[in-house]
Structure formats: structure tokens, C-alpha cells
Amino acid sequence: MSEKLTPRHEDYSRWYNELVVRADLAEQSGVRGCMVIKPYGYAIWEKMRDYLDASFKATGHQNAYFPIFIPKSYFTKEASHVDGFAKECAVVTHYRLKNAEDGSGIVVDPEARLEEELIVRPTSETIIWDTYRRWIQSYRDLPILVNQWANVVRWEMRTRLFLRTSEFLWQEGHTAHATREEALEEARRMLEVYADFAEKVMAVPVIKGFKTANERFAGADETFCIEAMMQDGKALQAGTSHFLGQNFAKAFDVKYADKDNNMSYVWATSWGVSTRLMGALIMTHSDDSGLVLPPALAPIQVVMVPIYKNAEQYTSLVAKMNETAAALRAVGISVKIDDDDSQKPGWKFHEYELKGVPVRMVIGPKDLEKNQWEVARRDTLTKEFLPDEGIVDAVKALLDDIQQNLYNKALNLRRERTYEVNTWEEFVDVIDNKCGFALAHWDGTSETEEKIKELTKATIRCIPMDMVEEEGVDILTGKPSRGRVVFAKAY
RNA sequence: CGGGGUGUAGCGUAGUCCGGUCAUCGCGCCUGCUUUGGGAGCAGGAGGUCACAGGUUCGAAUCCUGUUACCCCGACCA
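Numbering (numbering that gives the first Met the number 0), first residue to last: 0 to 490.
Check before you lean on any hint, since a few could be wrong.
Stated by the list, open to error - No farther apart than 27 Å at their CA atoms in a straight line, the calculated lysine-lysine pairs in the DSSO-like style are these:
id : residue 1 : residue 2
1  : Lys86     : Lys199
2  : Lys335    : Lys308
3  : Lys46     : Lys395
4  : Lys335    : Lys319
5  : Lys408    : Lys450
6  : Lys37     : Lys335
7  : Lys450    : Lys488
8  : Lys249    : Lys319
9  : Lys71     : Lys254
10 : Lys254    : Lys308
11 : Lys258    : Lys233
12 : Lys254    : Lys233
13 : Lys365    : Lys86
14 : Lys433    : Lys450
15 : Lys56     : Lys46
16 : Lys369    : Lys343
17 : Lys488    : Lys478
18 : Lys319    : Lys207
19 : Lys233    : Lys456
20 : Lys37     : Lys199
21 : Lys433    : Lys456
22 : Lys488    : Lys207
23 : Lys233    : Lys46
24 : Lys335    : Lys258
25 : Lys71     : Lys249
26 : Lys76     : Lys86
27 : Lys46     : Lys199
28 : Lys395    : Lys207
29 : Lys488    : Lys408
Quick caveat, the hints were computed from the structure, so don't treat them as lab data.
Construct the complete structure from the given sequences, taking the supplied hints into account.
See below:
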């Protein structure tokens with residue numbers, strides 16, 4: 000019997016409305032699965048961006064920007080890359096509109112056909128490597144450590160809000176190095192940056208690992224990833240970092256002269272995370288009352304709600320709230336005072352729970368008299384009275400505690416739903432009924448991986464970086480294996 | 001792209017089988033008064049090409065055809 004698998008991605012759609020709405024584009028446009036990110040949702044993305052950007056800068060990277068349009072010919076240069084993306088590209092064929100001769104409206108001007116079609120970037124490796132050819136001549140030009148914040152378009156067969164929209168925002172790092180070792184080191188360094196961000200800022204525990212050849216990025220020699228478990232036990236790839244070998248350097252003829260004037264192809268990496276992270280955030284922490292945001296990413300960390308019966312009380316409460324809010328802001332806490340008179344307190348409580356605000360501070364005439372606040376925390380939905388004296392330190396500590404608690408909760412869930420399995424029956428039970436991660440032996444072949452996917456819909460999410468060397472036999476074929484990999488159904 | 005489902009006011013919906021005062025209800029919105037420690041009450045009010053385009057019919061939200069978008073399941077994918 001299958002246990003209730005909630006909440007699943009679709010169960011969160013209510014909460015998504017706080018952050019994002021589906022784009023209501025013109026009918027018949029054929030544009031599917033785009034999203035309008037509302038200010039509250041975008042504020043979260045901006046916070047994510049700021050944290051990541053600071054980490055990129057701290058590891059020596061710089062931001063740059065490359066065109067959204069990629070000539071079709073660039074795309075054909077790296078064979079496996081084409082294979083990976085060809086089926087999901089938006090293509091620009093014309094550059095002009097005109098009035099229809101029969102007066103029926105605006106039509107594409109057939110005279111204005113582009114000689115070479117332009118691809119709306121699904122990722123920027125090709126146009127960036129075409130550019131790097133011109134930037135790189137000598138070992139003195141290396142490494143190039145560049146990141147781009149951009150939008151990309153992938154014409155997916157099936158879209159899912161946040162997890163797979165046709166257009167999404169992301170960052171893509173593209174680096175060029177003189178040696179294989181240096182490039183590998185870079186790819187792994189950036190994976191660490193992602194893992195660190197996911198766990199410390201998003202409070203989302205992740206498993207770091209390698210992708211199998213089947214799951215690897217189109218054009219990569221090695222793909223590193225972080226995998227997270229959502230509350231329904233399904234896996235979500237939260238970020239990837241690719242070691243591209245010399246594939247793109249060879250495709251775009253990017254060579255450098257070393258100290259002895261020998262010409263060599265350069266080594267490459269690329270790495271990215273997207274607005275999918277917002278989906279991960281929601282699906283990891285949110286509950287039936289709405290969003291739950293970790294303090295580090297909450298646009299509003301503390302909301303203050305006054306309770307009063309008359310104008311006189313209102314005035315004194317607002318004065319107190321302003322004073323305390325200023326003190327909280329002085330230590331870097333973002334505070335909203337909701338003194339809107341048109342809504343009742345109960346309505347406001349629900350509203351801010353829905354929005355995931357970590358801490359709510361309520362004050363009424365009685366509290367003012369007793370020099371206290373009623374302080375409620377979103378993660379546990381509990382409340383307590385705290386003395387006004389020392390309230391700033393108390394709230395600061397509370398925010399830290401919430402951040403840690405969210406991480407711990409998510410980690411506990413993952414631990415509870417991760418099983419070491421040794422037989423095919425146990426494996427199927429974990430995948431189909433327990434709906435969790437199965438740590439199982441695998442014989443290392445693509446054929447077996449494919450077969451297991453066919454039979455159970457589970458894929459190898461990753462070969463963990465901290466995999467323990469251990470003699471075992473493949474869960475399906477019985478062939479020898481040297482360690483356990485992570486199997487799960489994935490979004 | 002294949003299979004299934006859905007589209008009615010800003011949001012959520014009833015009505016569709018069986019065509020005819022059926023455009024229903026809730027939330028939200030506007031006005032007024034009373035309210036304010038967990039989604040307030042009463043009274044009045046505004047708001048809809050029933051997804052779009054054809055067709056059948058005296059008459060279509062309802063039946064037929066086509067298109068489109070969304071949701072779910074596949075295939076694909078961050």
C-alpha cells in the first residue's frame with residue numbers, strides 16, 4: 000500500500016501564488032509555462048542572487064554578459080551539446096512585421112527572413128566559447144573566471160511552475176583553464192559554493208555527488224551535482240557544476256600557447272543554479288499554513304502587529320513598535336510594521352503565515368503595560384511572551400534558531416526516508432511505497448541504470464562524493480559493485 | 001509529442017449528461033455604520049464576449065468540429 004505522498008509539487012500551487020503567477024500571454028502565442036515573478040517572490044530571488052554573487056566574487060569570479068541570440072551554426076559545433084538541446088530551442092527566423100495586405104492585421108514580413116536563424120539561448124556555452132577563442136592566446140590569459148546572470152529559454156514538452164518553466168532566470172559560470180587539474184578543481188569548488196549556499200542559506204540539506212553518464216550535461220566529461228529531498232520524498236537536482244574537458248575548446252578551436260610556446264586546447268567548466276531553487280525552498284519547508292521561509296532569505300524577517308481598541312492606544316503602540324523596529328533594523332533585521340487599520344489582527348496573522356514571515360511580534364495595551372511582546376515563530380507555529388528588555392538579542396537568537404531548526408527538520412526527514420537496501424524487493428518497496436532515497440549497489444553500467452528506470456521510474460540521482468568503498472552486488476543484476484549510489488524518483 | 005482531464009467576475013466555484021427566466025454561490029472589491037488579543041457583523045452596490053473560432057438550432061455555458069491554454073500520466077529536462 001502506498002502511503003499518502005503529500006505534499007507534492009502540485010499541492011504547493013496555493014503558496015506559489017504568493018510569489019509568482021503564470022504568465023497570461025496572448026492566446027495562441029504558443030508560449031507555455033512562463034511565469035511572472037511578483038515583487039515578494041523576486042525579493043527572495045534577489046537575496047539568493049546577492050549571496051551567490053558574493054560567493055562567486057570571493058572565489059575570484061567576475062560578472063559579464065553575453066547575447067541572448069546564438070547563431071544556429073554555433074550550436075552545431077559541439078555534437079553532444081546539439082543532441083542535448085536541439086529539441087527544446089526557440090528559434091528566431093524573421094526580424095520584421097508588417098500590415099497584412101488584406102487588412103487582417105499584423106503579419107510576419109516574409110521579405111525579412113534571416114539568412115541564418117538565431118537560437119534563443121537555452122544555455123550559453125557556445126556563444127561564450129566562440130568569444131573565448133578571441134580572448135585566449137597565451138597561458139597568461141588564463142584562467143578566465145566569468146559568471147553571467149541571465150534568462151534562458153528551453154521549449155520543454157512539459158512545464159512545472161518553478162521547476163521547469165519555459166523561460167527561467169539563472170546564473171551560469173563559464174571558466175577556462177590551462178590544465179585539466181585546475182578545471183576539475185574549479186568545478187568542484189563551485190559545487191561546494193552551491194552546497195554551502197543550499198545548506199547554510201536555504202536551510203536545505205543536499206547530497207553532493209557525481210552524475211552517471213546517462214544523467215550528465217550535454218557536452219560535459221563529468222557533472223557534479225547537489226541533490227535535495229523534497230517533503231514527498233522525491234529528489235530535486237538543486238545545482239550542477241560541469242567539468243567540460245576540452246570538448247568546447249576543440250569545438251570552438253580555443254588554444255593557448257604555454258611557456259614553451261606549445262599550443263594546447265584549454266580546459267573548461269560551467270556551473271549554474273536557477274529559479275528552480277525557489278521551488279526547492281518552497282517544497283522543502285512549506286506547510287499547510289503556507290510558505291515557510293528561512294530567515295536568511297525572508298524578505299520580511301519580522302512583522303509587527305498592533306492590537307488596539309482606540310486611537311489613543313494605537314498611537315502609543317505605534318510609537319513603541321517604531322522604537323523597537325529601529326533597534327532591530329540597526330542589527331540588520333528586516334522589520335515590517337503592519338499598522339493597517341483596515342484588517343483585523345486575525346487576518347494579519349494568517350496573511351503573514353501564508354507569506355512565510357519567520358517571526359511575528361504582537362503588542363497590545365496589556366503587553367505595553369507589562370513591558371512584553373507576544374512573539375510567534377513560523378516554523379513551529381508556537382508563541383511565547385518575551386520581555387521588552389533584551390528583545391533585540393532575543394529576536395536575533397530566535398531567527399538563528401529558526402534557520403537551524405528548518406535545516407534540522409529537513410535533514411531529519413531525509414534521514415528517515417533514506418534506506419540502505421540489499422534486495423530488489425526492498426528496493427522496489429522504498430521507491431514505490433516508502434517513496435524515499437534508496438542507497439543501493441549498482442554495477443556501474445548504463446544498461447542496468449536504464450533497466451531500473453524502466454522498471455521503477457527511479458534514477459541514479461548521484462554517486463555520492465563521500466561514498467564508502469564497500470563490496471556488494473548490484474540490486475538488479477547481482478554483478479559486483481564497490482559502493483552504494485543514491486536512487487530516487489526525481490522531479 | 002501520445003493518453004486523460006479542465007477552462008464560467010480579481011480568486012475559487014454551481015450549472016454541461018437531459019439546449020429554453022441559469023448565468024449560481026463563496027471570498028475579494030466599493031459605500032455606510034458598528035467592530036479590532038486568531039481570517040468581524042449588518043445593509044446597500046459594482047463587476048461576466050460562460051477560453052477562442054466555426055457549426056447545428058426558433059434558441060447554445062450546455063450538442064458537434066477545430067484551435068488554444070492549463071493540470072495529471074508518459075517521453076524529455078535544470
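Hints versus structure:
| no. | hint | result |
| --- | --- | --- |
| 1 | Lys86 / Lys199 | 36 Å, violated |
| 2 | Lys335 / Lys308 | 21 Å, holds |
| 3 | Lys46 / Lys395 | 19 Å, holds |
| 4 | Lys335 / Lys319 | 14 Å, holds |
| 5 | Lys408 / Lys450 | 34 Å, violated |
| 6 | Lys37 / Lys335 | 18 Å, holds |
| 7 | Lys450 / Lys488 | 14 Å, holds |
| 8 | Lys249 / Lys319 | 66 Å, violated |
| 9 | Lys71 / Lys254 | 23 Å, holds |
| 10 | Lys254 / Lys308 | 75 Å, violated |
| 11 | Lys258 / Lys233 | 50 Å, violated |
| 12 | Lys254 / Lys233 | 43 Å, violated |
| 13 | Lys365 / Lys86 | 65 Å, violated |
| 14 | Lys433 / Lys450 | 21 Å, holds |
| 15 | Lys56 / Lys46 | 15 Å, holds |
| 16 | Lys369 / Lys343 | 23 Å, holds |
| 17 | Lys488 / Lys478 | 23 Å, holds |
| 18 | Lys319 / Lys207 | 47 Å, violated |
| 19 | Lys233 / Lys456 | 11 Å, holds |
| 20 | Lys37 / Lys199 | 25 Å, holds |
| 21 | Lys433 / Lys456 | 14 Å, holds |
| 22 | Lys488 / Lys207 | 17 Å, holds |
| 23 | Lys233 / Lys46 | 26 Å, holds |
| 24 | Lys335 / Lys258 | 59 Å, violated |
| 25 | Lys71 / Lys249 | 18 Å, holds |
| 26 | Lys76 / Lys86 | 16 Å, holds |
| 27 | Lys46 / Lys199 | 13 Å, holds |
| 28 | Lys395 / Lys207 | 31 Å, violated |
| 29 | Lys488 / Lys408 | 21 Å, holds |
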